[in-house]
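Protein sequence lines, in the order shown, are assigned to chains A and B. Once you know that position 167 of the first sequence is 167 in our numbering, the rest is easy, because the numbers rise by one and skip nothing. For our numbering, count along the second sequence from 1 and bump the result up by 1000.
If you're looking for bench data, these hints aren't it; they were derived computationally from the structure. Please note: incorrect hints may appear among the correct ones.
Below 20 Å or equal to it, Euclidean Cα-Cα: the simulated SDA-like pairs (lysine to any residue) are [unchecked claim]:
| hint | chain 1 | residue 1 | chain 2 | residue 2 |
| --- | --- | --- | --- | --- |
| 1 | A | LYS361 | A | ASP392 |
| 2 | B | LYS1361 | A | ASP270 |
| 3 | A | LYS361 | B | THR1265 |
| 4 | A | LYS361 | B | LYS1424 |
| 5 | A | LYS361 | B | ARG1383 |
| 6 | B | LYS1424 | B | ARG1383 |
| 7 | B | LYS1361 | A | HIS267 |
| 8 | B | LYS1361 | A | ARG321 |
2 protein chains.
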Amino acid sequence: MFEARTYDAAGRVGELTVPRAGVTVETPALLPVINPHLQTISPAELEQEFGAEILITNAYILYGSDEYREQALAEGLHDLYGFSGAIMTDSGSFQLAEYGNIDVDTAEILQFQADIGSDIATPVDVPTPPNAGRDQAERDLETTQAALETAADFDAGEMLINAPVQGGAYPDLRERAARDAYATGLDIYPVGAVVPLLNDYRYAEMVEAVAAAKRGLGADAPVHLFGAGHPMMFALAAALGCDLFDSAAYALYARDDRYLTVRGTEHLGDLHYFPCSCPVCTAHTPDDVAARDEPDREDLLARHNLHVTYAELRRVKQAIRRGNLLELVDERARSHPAMTDGYRTLLDHADWLEQSDPTNKDTFLQVSAESARRPEVHRHHERLTRLTVDADTVLVTEGGNNDRFVATWGLKPPFGPVPRALAKTYPLTAEIPERRSRAACEAAADGVARLATANPETEFTIGHFDWPASALARLPETVARIDLSEEEG
Amino acid sequence: MFEARTYDAAGRVGELTVPRAGVTVETPALLPVINPHLQTISPAELEQEFGAEILITNAYILYGSDEYREQALAEGLHDLYGFSGAIMTDSGSFQLAEYGNIDVDTAEILQFQADIGSDIATPVDVPTPPNAGRDQAERDLETTQAALETAADFDAGEMLINAPVQGGAYPDLRERAARDAYATGLDIYPVGAVVPLLNDYRYAEMVEAVAAAKRGLGADAPVHLFGAGHPMMFALAAALGCDLFDSAAYALYARDDRYLTVRGTEHLGDLHYFPCSCPVCTAHTPDDVAARDEPDREDLLARHNLHVTYAELRRVKQAIRRGNLLELVDERARSHPAMTDGYRTLLDHADWLEQSDPTNKDTFLQVSAESARRPEVHRHHERLTRLTVDADTVLVTEGGNNDRFVATWGLKPPFGPVPRALAKTYPLTAEIPERRSRAACEAAADGVARLATANPETEFTIGHFDWPASALARLPETVARIDLSEEEG
Chain A
1 MFEARTYDAA GRVGELTVPR AGVTVETPAL LPVINPHLQT ISPAELEQEF GAEILITNAY
61 ILYGSDEYRE QALAEGLHDL YGFSGAIMTD SGSFQLAEYG NIDVDTAEIL QFQADIGSDI
121 ATPVDVPTPP NAGRDQAERD LETTQAALET AADFDAGEML INAPVQGGAY PDLRERAARD
181 AYATGLDIYP VGAVVPLLND YRYAEMVEAV AAAKRGLGAD APVHLFGAGH PMMFALAAAL
241 GCDLFDSAAY ALYARDDRYL TVRGTEHLGD LHYFPCSCPV CTAHTPDDVA ARDEPDREDL
301 LARHNLHVTY AELRRVKQAI RRGNLLELVD ERARSHPAMT DGYRTLLDHA DWLEQSDPTN
361 KDTFLQVSAE SARRPEVHRH HERLTRLTVD ADTVLVTEGG NNDRFVATWG LKPPFGPVPR
421 ALAKTYPLTA EIPERRSRAA CEAAADGVAR LATANPETEF TIGHFDWPAS ALARLPETVA
481 RIDLSEEEG
Chain B
1001 MFEARTYDAA GRVGELTVPR AGVTVETPAL LPVINPHLQT ISPAELEQEF GAEILITNAY
1061 ILYGSDEYRE QALAEGLHDL YGFSGAIMTD SGSFQLAEYG NIDVDTAEIL QFQADIGSDI
1121 ATPVDVPTPP NAGRDQAERD LETTQAALET AADFDAGEML INAPVQGGAY PDLRERAARD
1181 AYATGLDIYP VGAVVPLLND YRYAEMVEAV AAAKRGLGAD APVHLFGAGH PMMFALAAAL
1241 GCDLFDSAAY ALYARDDRYL TVRGTEHLGD LHYFPCSCPV CTAHTPDDVA ARDEPDREDL
1301 LARHNLHVTY AELRRVKQAI RRGNLLELVD ERARSHPAMT DGYRTLLDHA DWLEQSDPTN
1361 KDTFLQVSAE SARRPEVHRH HERLTRLTVD ADTVLVTEGG NNDRFVATWG LKPPFGPVPR
1421 ALAKTYPLTA EIPERRSRAA CEAAADGVAR LATANPETEF TIGHFDWPAS ALARLPETVA
1481 RIDLSEEEG
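This is chain A alone, in the form it adopts within the complex (with noise of 0.2 Å):
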């Protein structure tokens, strides 16, 4: 039912085949949030104009709709909102979350979103606050469990049915949760509960609840960043194996003159230019738009919202396609230090990347201190604790060959030793900036005192263009060093 077919990090480009629909769709995928009694663009517009292959709707806004309940149990979801693609419903579980309680129970809400003709189902789970007590999140958690059980035992036909995975703020508890829902067979595994943190700007803690959520489900499990829909941290998500965003945010903000970028929200009003290349801001100005009456200037700023939207999704696909995932969201961890820290948590997760990282991409770009912690670091230096050399001397070096020595090895922050094997495959063929970080060099040294490690009877000089102390502080001191920067003075 779901199909990765390309990784980078944790990321991938997959497949989700939607059988009651009829469809597949390509994730990672955006689900525009549709609001029956508030249409600012029409469903068959997302899919005609936007190429939308799949969209959310509530189903508790429809089953407590005088308006809409019927006609949606008369006509389907899909004849009623005009959309050919997947319809994905929701429970009511963000009312409950909301306002306490709700009137309907799981089987109920299943039944209706079964009999509106729904594709993908959600049950009544409880979204636990992240700064609930450690008590109330495992209380909510055994409630969301027994909600997951009971889906599990509905006859859903080839409808599909979400497993919510919640755990408030204890990574502990987000990766049981995880694993219990996946022990259901449900289909798709919504990470819940983090709009709270999305809101408040604590992407490290979104981070660590999506990597717990994450280390407790399959490979095969789609999982789904649930209310994460500004385009700030797809790659951020993406990057951490989230395959699927829903946003309401391209509408809710543009009925407030909020204007997304992939940097953060504007307000209309602070606009000066457009820093944008869509339709709607290579046609108009910010005074323009800020002289239509409504619902002109909320539809021309939800249409932007969209296409700034949809576009970094397209980049982050193309950027998994393209093994350079990881330059992508450091890129993006640049624009807010909330999202620097979201980078910095994902990175701590490296081994855990590691896994699912491809070895072989296309280049690997050292940009930045953080850089030197990405998973192939990391894979490298595991590596070098392996590998064994045949050599009384070595000279690991930045600069040229020296006779003096048996053998002579690369050396390359931050990855550090460069068996000539390996000098021309990934990611030794690394660029790296002239000017390299202490990161990169301290990150270096640790590579040479790992190989020098495992290799005691082996001794290791290491010709280095003026290191820090702080690096050279790092190797064993039975490790030899020559500063080159000082010879060629």
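For chain A, the structure is supplied; the task is to place chain B on it using the hints.
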């Protein structure tokens, strides 16, 4: 004739009045290069569809063209091209550099430019290639300066005249050349012969060349980064104070199936998705475009290239107006290690950037190790050396007040001590990551050291959260330290 309206770092949004065209051009501006023999997108369309206010064409090619010479003389450039904005013309210097000699001199080609109705003309300067020796660079400069003096004596009427700044790879020569060029009283100052640097990704050297030229010019000198048309480096070049760019790339690259992005160049054949929101990329897929025959394919790619180029220019202008240009440069610095080098080199000039950087902006965002070297940090450190502390004991702390001390100041990486009176003003309203970089803590320690050195009678204590040893080592021994993270534990 040129007025800088808003600064950010050394970048500015300004207005260039071009009297012969009767127009005012907003800068930073892009001059699309028009090849009279090969017009991929017509000048009229550049003006109407893309909002081009100015373009550049080569007077030497027209001068040597049997097809166009008489027509240009008879109709004038504006009618020949159907363009009502400003038209700059080049003189053949490029051909001189390429082929060793040309068959006109400055007086002749200036007269021709005047006769065909050019709004901004160029004398015949000598572009010194970046790898040339100092002797050649000095000889070339003498020739260029003689051409500029000829141009200064030329009776140009309302026509403006370029005064190119050469000097090769020698910053002192670039600065002297700029001073001499500025002294001629000519109008616009192209920094010349940077194309070989840009082609080879030698962005750090480009930064040195421009910074040196800028130091030799007055603030009222409009500066053209001659031959620079890749949107990838607009933010970096604008931050240095470049006001004009010209692009042949949009058309040349399109001919070659190359697709511009702000992160670099992609070959059409490598694109699975269009990572862009422009009208071309939202209406087509890479497969669609690849399947088109010429000239359709070239036309579509040229349009995309122009859209992305103009959008980046608007993004740069918006960033200058909002005061977050350096955050944009930081992001762009992650597109390639050579761009990282360029950014690191830009920050070597923080003292100079600080001179034009506004004292009040929106919010300083610390988003990388490099942020710690921004001009705002430099300015705050300078200020700290002049601050008088009138308390015997001062706690400078990342935590709360402590009654044991006469006064408590804030402590904020990368700035350092924060006097109470400045806490709510730019830049100490800075947003910083929770996970501070070592560079930020070290810069903050340098700030503490400056304050302590300026106030030897005061006893300083710092309260820090787990600063690295490398930061603590930068403090004078007289400064006492409390690790607040240990106290908490």
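Verification of the supplied hints:
1. A/LYS361 to A/ASP392: Distance ~34 Å between A/LYS361 and A/ASP392 Cα, so the pair is violated.
2. B/LYS1361 to A/ASP270: Holds, at roughly 13 Å.
3. A/LYS361 to B/THR1265: 17 Å, holds
4. A/LYS361 to B/LYS1424: 47 Å, violated
5. A/LYS361 to B/ARG1383: Cα-Cα ~48 Å, so violated.
6. B/LYS1424 to B/ARG1383: 16 Å, holds
7. B/LYS1361 to A/HIS267: 17 Å, holds
8. B/LYS1361 to A/ARG321: It is violated: about 39 Å lies between the C-alpha atoms, which goes past 20 Å.
Figure legend: structure checked against the earlier numbered hints; hints not met, in rising order: 1, 4, 5, 8.
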